[in-house]
Amino acid sequence: MSFFQNTLNLIEKASKIMKLDPSAKALLSNPNKIVEVSVPIKMDDGKLKIFRGFRVQHSNLAGPYKGGIRYHQSVDMEEVKALATLMSFKCAVVGIPLGGGKGGIIVDPRQLSKGELERLTRKYTERIASFIGPEADVPAPDLNTDPQIMAWIADEYSKLTGQNTLGVVTGKPMAVGGSLGRDKATAKGGVYVLQEFMNEKKLNPKKMTVVVQGFGNAGANAARFMDELGFKVIAVSDSKGGIYCKDGIHAVKAIECKEQTGSIENCIATGGKVNYHVLKGETAKTVTNEELLELECDILVLSAMENQVTDKNASKIKAKMILELANGPITPEADEILEKKGIVVIPDILANAGGVTVSYFELVQNQANFYWSSEEVQERLKAIMINSWQRISGIQKQYKVTLRMSAFIAALVRLEEMMRLRGLI
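According to our numbering, the sequence shown is numbered sequentially starting from 1.
Quick caveat, the hints were computed from the structure, so don't treat them as lab data.
Fair warning: this is a prediction, and the values are worked out from it, not measured in the lab.
Distance ranges between label pairs, derived from CB positions:
id: 1; residue 1: I34; residue 2: M418; range: 17 to 27 Å
id: 2; residue 1: M1; residue 2: G63; range: 26 to 36 Å
id: 3; residue 1: K285; residue 2: K206; range: 16 to 26 Å
id: 4; residue 1: M1; residue 2: M418; range: 23 to 33 Å
id: 5; residue 1: N164; residue 2: K206; range: 45 to 55 Å
Here a beta-carbon is modelled for each residue, glycine too, at the ideal position from N, C-alpha and C.
All chains, please: the whole structure from these sequences, using the hints.
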């Protein structure tokens with residue numbers, strides 16, 4: 001079953017629980033617009049190569065379409081449709097005036113030079129320029145895209161329109177209209193929600209062990225913030241593998257080590273010797289991503305790719321709860337297994353909504369041409385994430401469903417009201 005079909009099944013399930021208007025469900029099950037483009041660029045060797053790119057605009061009920069652009073060799077239209085749909089729900093969950101969109105190019109960016117990557121980005125921007133803009137559709141970074149790529153998009157779009165339009169994307173470098181706190185927002189928002197859950201359940205962070213799958217921006221920052229709060233981070237991994245230390249891992253040092261060596265696996269062995277500065281103990285071992293998911297821990301943080309926990313490995317998960325910082329890391333079949341096992345899942349459309357929330361802040365700052373302090377950004381983010389948690393927690397108690405279903409219901413209530421008021425249903 002595709003990622004998009006899994007997403008539609010979640011909408012169907014939540015719709016039945018809260019008795020959603022059938023017309024509303026039909027509208028939300030189909031993206032407004034699907035764009036596929038060819039992206040021809042001249043490679044460094046002088047040869048022409050054509051890449052395939054996508055942009056899906058799911059819903060603009062609440063405001064401009066909003067969502068990242070990913071560069072990955074396995075990205076496809078079904079994946080982009082699913083991610084665009086989830087963005088509509090994510091924005092509705094936290095109550096920001098944006099809709100859902102997503103983009104992607106089928107490419108392994110590691111195989112491109114910097115010049116080729118820039119030419120690819122600028123040509124893709126040219127091909128989708130008539131569909132995007134600050135009032136229409138605002139892309140952002142995602143898998144394998146970063147602030148530099150956003151800066152190229154903003155520059156190319158500004159050239160095409162003849163106006164300095166920095167607000168066409170978010171996640172930009174600070175020097176060209178970025179927002180303080182955007183780089184850490186996904187992790188920060190997830191940790192704020194986790195803290196609220198733990199406060200509600202009267203759980204002590206200092207007695208909790210944490211395993212983090214995915215050590216990119218979201219995962220690494222989540223590990224760092226949780227380490228600072230007193231959680232014991234015992235295992236982390238990136239795409240190449242991971243490390244496990246029962247006594248704990250110094251998250252900041254692990255981040256530094258990965259930056260220096262290229263992989264988290266290298267952080268416990270340099271020249272055959274154990275690298276103790278990353279560890280809080282003297283015994284550690286490397287683990288595969290599959291092994292890491294099945295480690296015994298209190299909290300499993302999923303911050304890698306979609307479909308990591310499936311019906312094939314869900315029964316082996318030993319964590320007491322899961323924080324989804326990635327999009328769609330648990331399949332619906334796995335969700336049911338985890339629910340039966342009593343494993344609490346804080347879902348992606350709430351847990352990782354900090355990223356799009358601070359993207360919204362960046363858009364607001366670009367439009368006002370007035371920029372906030374880091375403290376202002378964090379205060380506003382914290383308030384939105386806490387309010388969103390409280391609303392979803394209340395819905396969970398009302399309907400007696402999982403947190404995922406509660407989040408989908410919360411989003412559907414808002415989206416249905418917008419449709420009604422606009423005369424669409």
